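**Student:** Chains A and B, in that order, give the protein sequences.
Going by this note's numbering, the letters in the first sequence line up with residues 1 to 116, in that order.
Going by this note's numbering, the letters in the second sequence line up with residues 1 to 110, in that order.
One or more hints might be untrue.
[Said to hold, decoys possible] Each computed EDC-like pair below joins lysine to aspartate or glutamate, with the alpha-carbon atoms no more than 16 Å apart:
1. B/LYS97 - A/GLU104
2. B/LYS97 - A/GLU53
3. A/LYS67 - A/GLU104
4. A/LYS41 - B/GLU5
5. A/LYS67 - A/ASP18
Hints are computed from structural coordinates only; laboratory data are not their basis.
Since this is a predicted model, take the numbers as computed values, not measurements.
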Amino acid sequence: DTAVSQTPKYLVTQMGNDKSIKCEQNLGHDTMYWYKQDSKKFLKIMFSYNNKELIINETVPNRFSPKSPDKAHLNLHINSLELGDSAVYFCASSPTKRGGPSYEQYFGPGTRLTVT
Amino acid sequence: KNEVEQSPQNLTAQEGEFITINCSYSVGISALHWLQQHPGGGIVSLFMLSSGKKKHGRLIATINIQEKHSSLHITASHPRDSAVYICAVRLYGATNKLIFGTGTLLAVQP
Chain A
1 DTAVSQTPKY LVTQMGNDKS IKCEQNLGHD TMYWYKQDSK KFLKIMFSYN NKELIINETV
61 PNRFSPKSPD KAHLNLHINS LELGDSAVYF CASSPTKRGG PSYEQYFGPG TRLTVT
Chain B
1 KNEVEQSPQN LTAQEGEFIT INCSYSVGIS ALHWLQQHPG GGIVSLFMLS SGKKKHGRLI
61 ATINIQEKHS SLHITASHPR DSAVYICAVR LYGATNKLIF GTGTLLAVQP
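Given these sequences and hints, build the entire structure.
**Tutor:** Next comes the structure, spelled out in structure tokens:
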């Protein structure tokens with residue numbers, strides 16, 4: 001059974017387009033995350049939702065908009081795609097509650113976005 | 001300067017060798033994570049620790065909170081251990097934000 005799934009796995013699109021990446025977890029976790037991994041394999045947090053509430057919003061262009069329709073889903077919509085948006089985007093989830101103890105995070109397989 | 005530093009950046013070992021990867025951080029943390037990313041790209045959580053030492057199979061992770069340092073050890077290394085190993089810290093406070101190190105690329109040769 002897939003714990004954290006993302007779709008699509010690969011996404012190739014042209015500059016200026018709008019695209020979405022979907023993430024679902026069936027672990028019953030409270031918190032979900034979006035991370036960006038650049039070409040040097042460096043991971044950075046973008047957003048985090050706890051029970052559908054946005055709790056982390058890093059310095060990310062407002063072309064990126066996360067949406068959490070329910071606790072099990074966290075989608076990422078990107079408007080007006082730019083070349084610099086090319087990266088691998090990872091979704092993750094954890095049982096961690098806001099201000100509570102830490103738990104391991106479970107990562108999705110990643111979505112490789114290529115903007116041409 | 002990154003708040004989380006790993007060393008070495010690249011490591012090549014012979015099968016069977018004992019391997020150590022180091023992580024130092026400069027911020028207050030509530031927990032430290034060790035992650036493994038295989039060549040295929042998937043990321044797996046190996047350990048989450050806030051004190052002391054944890055062991056899982058051939059992997060051992062230690063943390064010294066006073067010295068702000070953690071180590072990941074691999075005993076009897078095997079080619080299948082070849083991957084990028086990433087250290088990440090959870091900042092002390094209300095959020096669940098992780099800050100990542102730049103990773104250590106490990107290649108274990110047969």
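**Student:** Are there hints from earlier that the structure breaks, and if so, what are their numbers?
**Tutor:** Violated hint: only 3; rest satisfied.
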